[in-house]
Amino acid sequence: MCYNGRTVDIKDVLTRKRGTILKRWFDLILETYPADVAIFLRNEQDRFTNPVGHVLTEGTALLYDGLIHDVDPEKILSALDGIIRIRAVQDSLPSQAVGFIFLLKKAVREELEKAFTGDALLTTLSQLESRIEMMSLLAFDVYTRCREEVYNIRSGEIRMERDMAMRLLKAMKQQDKE
Amino acid sequence: MAEEKLKKPEEMFEVSLTPGTGDWMEPSAGFRKGTYCYGAPLKHQKYLDLPNQREWQPSNEDWKLPPDWKETILEGMERLIKRHRSFRLFLDICVRCGACADKCHFFIGSGDPKNMPVLRAELLRSVYRRYFTPEGRLFGKYAGARDLTEDVLKEWFYYFFQCTECRRCSVYCPYGIDTCEITMMGRELLNLVGCNIQWVVEPASNCFRTGNHLGVPPHAFQETLGFALDELKDLTGIAIEAPINRKGAEILFVAPSADYFANPHWFTFLGYLMLFHEIGLDYTWSTYASEGGNFGLFHSMELAKRLNAKIYAEAKRLKVKWVLGGECGHMWRTLHQYMDTFNGPADFLEEPRSPVTGTRFENAQSTKMVHITEFTADLLYHNKLRLDKSRNDQWKITFHDSCNPARGMGLLEEPRYIIRQTCNHFYEMPENTIRERTFCCGSGAGLGADENIEMRLRGGLPRANAVKYVKERHGVNMLACICAIDKAALPPLLEYWVPDVGVCGVHELLGNALVMEGERERTTNLRGEPLAAGDGEGDVR
Chain Y
20 MCYNGRTVDI KDVLTRKRGT ILKRWFDLIL ETYPADVAIF LRNEQDRFTN
70 PVGHVLTEGT ALLYDGLIHD VDPEKILSAL DGIIRIRAVQ DSLPSQAVGF
120 IFLLKKAVRE ELEKAFTGDA LLTTLSQLES RIEMMSLLAF DVYTRCREEV
170 YNIRSGEIRM ERDMAMRLLK AMKQQDKE
Chain S
25 MAEEKLKKPE EMFEVSLTPG TGDWMEPSAG FRKGTYCYGA PLKHQKYLDL
75 PNQREWQPSN EDWKLPPDWK ETILEGMERL IKRHRSFRLF LDICVRCGAC
125 ADKCHFFIGS GDPKNMPVLR AELLRSVYRR YFTPEGRLFG KYAGARDLTE
175 DVLKEWFYYF FQCTECRRCS VYCPYGIDTC EITMMGRELL NLVGCNIQWV
225 VEPASNCFRT GNHLGVPPHA FQETLGFALD ELKDLTGIAI EAPINRKGAE
275 ILFVAPSADY FANPHWFTFL GYLMLFHEIG LDYTWSTYAS EGGNFGLFHS
325 MELAKRLNAK IYAEAKRLKV KWVLGGECGH MWRTLHQYMD TFNGPADFLE
375 EPRSPVTGTR FENAQSTKMV HITEFTADLL YHNKLRLDKS RNDQWKITFH
425 DSCNPARGMG LLEEPRYIIR QTCNHFYEMP ENTIRERTFC CGSGAGLGAD
475 ENIEMRLRGG LPRANAVKYV KERHGVNMLA CICAIDKAAL PPLLEYWVPD
525 VGVCGVHELL GNALVMEGER ERTTNLRGEP LAAGDGEGDV R
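These protein sequence lines map, in sequence, to chains Y and S.
Going by our numbering, the first residue of the first sequence is number 20, and it counts up by one from there.
Going by our numbering, the first residue of the second sequence is number 25, and it counts up by one from there.
Keep in mind that the hints are not guaranteed to be accurate.
List time: in silico DSBU-like cross-link candidates among lysine-lysine, alpha-carbon distance up to 30 Å [claimed, not checked]:
#1 S/271 with Y/196
#2 S/178 with S/329
#3 S/257 with Y/189
#4 S/67 with Y/192
#5 S/94 with S/67
#6 Y/189 with S/67
#7 S/420 with S/257
#8 S/178 with S/165
#9 S/70 with Y/192
#10 S/257 with Y/196
#11 S/257 with Y/192
#12 Y/42 with S/492
#13 Y/125 with Y/42
#14 S/408 with S/257
#15 Y/124 with Y/36
#16 Y/192 with S/271
Hints listed in this document are in silico derivations from the structure and should not be mistaken for laboratory results.
Start from the sequences, fold in the hints, and give me the full structure.
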């Protein structure tokens with residue numbers, strides 16, 4: 020890619036700007052939480068006191084690297100699963116639970132607009148954004164799977180309660196016979 | 025506050041990723057399916073003679089409160105303030121330093137600021153200020169005071185049934201405020217106008233009727249005990265006896281009813297029976313005191329006392345010397361902290377003394393009731409049991425400190441001692457997630473209902489996160505615990521957050537490892553799973 024007479028590799032830009040873009044993406048995600056909670060998620064460094072912040076930090080970094088490099092798709096899915104598994108049971112609508120992926124577009128655009136202009140910007144963004152959109156489709160799959168798991172777990176609990184009731188009934192009938 | 029409704033097409037394009045910025049003083053309670061427990065059924069309200077009996081659900085717009093509900097609540101608050109000095113103190117002395125804010129598992133897992141213990145308590149404290157302090161009466165919301173309205177009451181219900189009374193926050197409070205007690209008082213107030221949940225009231229009603237939470241009548245208890253003895257005969261070749269309601273026994277054994285009817289509790293139950301047989305314990309089960317747990321504790325002090333009365337009454341009737349209690353969580357908070365003043369003094373009992381080792385349990389000289397892990401750890405310490413640790417080799421174990429035994433009675437070392445004596449592979453979770461800083465399972469204090477599954481999964485995240493860590497680091501595949509609610513709540517929780525980690529009781533591990541006099545060669549563990557290759561040949565001590 021050519022910019023101002025210089026050849027600029029998009030991967031180089033994204034690699035150089037990794038820290039800035041990741042921080043911006045993380046901040047944008049934190050804005051989806053109430054202010055008091057965002058402070059906690061940002062500042063608390065202990066991974067056991069702040070598992071949500073920890074998973075967000077690690078997961079977004081992995082997803083970002085997946086955007087630039089050819090990362091094992093399983094790792095991408097695992098990172099998505101880590102984040103979405105939490106958001107799937109928090110007070111979020113499905114759109115909010117997976118919407119954090121689209122915030123990466125915003126974070127990337129803000130930085131790329133500083134490095135590219137005109138057609139170069141458009142081409143670069145369209146390449147990147149189609150990868151982000153693919154990621155968001157995967158996120159939707161993960162979200163659906165998590166919700167299915169929640170319902171399966173609930174129906175499993177109901178089945179167990181029913182089995183216990185049946186066993187109780189059986190025990191009572193057995194004694195009546197005797 | 026009604027159930028969420030389907031959006032209109034034009035509204036569906038309004039996707040907002042940012043949260044509302046409402047003031048905490050504005051009451052809010054979103055009764056979304058999966059995040060609240062159902063209301064108590066009418067028949068159980070009637071059975072316990074509770075106030076304002078009616079069919080109702082928290083998601084209904086109209087809660088059918090009595091006309092004088094507000095006066096009832098305020099009179100109740102005045103009564104509680106006079107009765108419990110700690111309650112008044114806790115309401116007055118909080119400086120909102122925030123030390124507790126990030127210690128609640130529900131706050132960590134949900135990201136809901138009103139689940140910060142300080143703010144949850146403030147929901148009640150603000151009403152206290154409004155009606156019971158001069159500054160609140162004079163300056164209203166400028167002094168952090170709120171009027172008591174129906175919306176405030178609904179918010180109380182929403183958040184006081186999102187607290188598992190685990191007391192982790194109290195460990196960190198520099199003033200020693202026990203937010204659990206504030207939740208208990210909040211629930212007591214809600215009870216006055218008939219607002220409690222099915223998962224608390226139904227077990228309590230069952231317990232009042234049949235002697236246990238699950239509603240197992242005496243003849244079914246006898247039958248289920250028979251099943252267990254048959255199973256043990258198949259496993260060990262030994263015909264074990266388990267006396268019921270036997271007068272003159274030395275010890276009355278009381279366990280949570282889940283132990284003899286639920287999974288994986290059942291294997292702990294088998295472990296108890298094997299142990300008592302092996303040491304020839306002179307003991308008895310009771311069909312009257314057939315429940316150690318006490319769901320009354322999650323309702324009101326009065327109901328807790330009513331349900332707890334059975335234990336001493338039965339001990340007196342059967343003329344035992346002392347009482348031994350099984351693996352349970354809140355059961356031990358009740359026994360350790362309340363039973364003595366609820367229904368004591370138990371001056372007709374003797375200070376507990378192990379008939380095998382002669383050890384006197386001086387810590388229990390007042391209540392006369394000993395925790396089974398104290399009893400078993402003492403047996404192991406004195407080398408009174410033969411064990412083959414290798415029978416637990418298929419498992420890499422971690423131990424989850426159940427909130428009430430850990431924080432409510434300081435029982436930290438005994439279960440670990442038993443695990444170390446019965447298993448070769450034991451790994452601790454990180455320090456700030458165990459012992460008195462343990463994270464709750466997220467389903468205690470009556471919140472373990474299936475309809476509340478999403479809230480439970482949020483609350484269980486911090487615990488599961490630490491389990492995941494030891495699974496990834498050490499290959500842990502089994503979590504041991506000493507609480508019946510943990511044993512029911514943690515399997516589904518781990519299924520979602522950390523698949524392939526099972527849950528067991530400490531006495532299940534003991535039952536596996538216990539080499540019994542005259543037993544046949546064991547080929548399976550108590551679950552009927554084949555022992556790992558090489559098992560049965562391990563070092564026996």
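Tested hints:
At roughly 27 Å between alpha-carbon atoms, residue 271 of chain S and residue 196 of chain Y fall within 30 Å of each other, so this suggested pair holds. A hinted pair counts as satisfied when its Cα atoms are at most 30 Å apart, and residue 178 of chain S with residue 329 of chain S qualifies at roughly 27 Å. At most 30 Å may separate the alpha-carbon atoms for a hinted pair to count; residue 257 of chain S and residue 189 of chain Y meet this at roughly 21 Å. With a C-alpha separation of about 24 Å, the suggested pairing of residue 67 of chain S with residue 192 of chain Y holds against the 30 Å cut-off.
Using a Cα cut-off of 30 Å, the hinted pair residue 94 of chain S and residue 67 of chain S holds, with the two alpha carbons roughly 25 Å apart. Distance hint between residue 189 of chain Y and residue 67 of chain S is fulfilled; the C-alpha atoms sit about 24 Å from each other, no more than 30 Å. A C-alpha spacing of about 28 Å is found between residue 420 of chain S and residue 257 of chain S, which places the hinted pair at or below 30 Å, so the restraint holds. This hinted pair checks out: residue 178 of chain S and residue 165 of chain S have alpha carbons roughly 19 Å apart, not beyond 30 Å.
Note on residue 70 of chain S and residue 192 of chain Y: the hinted pairing holds, with a Cα-Cα distance of about 27 Å set against a maximum of 30 Å. Of the pairs offered as hints, the one joining residue 257 of chain S and residue 196 of chain Y holds, with about 23 Å between alpha carbons and a cut-off of 30 Å not exceeded. Note on residue 257 of chain S and residue 192 of chain Y: the hinted pairing holds, with a Cα-Cα distance of about 23 Å set against a maximum of 30 Å. About 26 Å separates the Cα atoms of residue 42 of chain Y and residue 492 of chain S, which keeps this hinted pair within 30 Å; it holds.
As the CA atoms of residue 125 of chain Y and residue 42 of chain Y are separated by approximately 12 Å, the hinted pair is consistent with the 30 Å bound. The hinted pair formed by residue 408 of chain S and residue 257 of chain S meets the criterion: a straight-line CA distance of about 22 Å does not exceed 30 Å. Between residue 124 of chain Y and residue 36 of chain Y, the direct Cα distance comes to roughly 14 Å. Compliance with the 30 Å bound is thereby established for this hinted pair. With a C-alpha separation of about 27 Å, the suggested pairing of residue 192 of chain Y with residue 271 of chain S holds against the 30 Å cut-off.
Consistency with the previously given hints is maintained throughout, with no hint failing.
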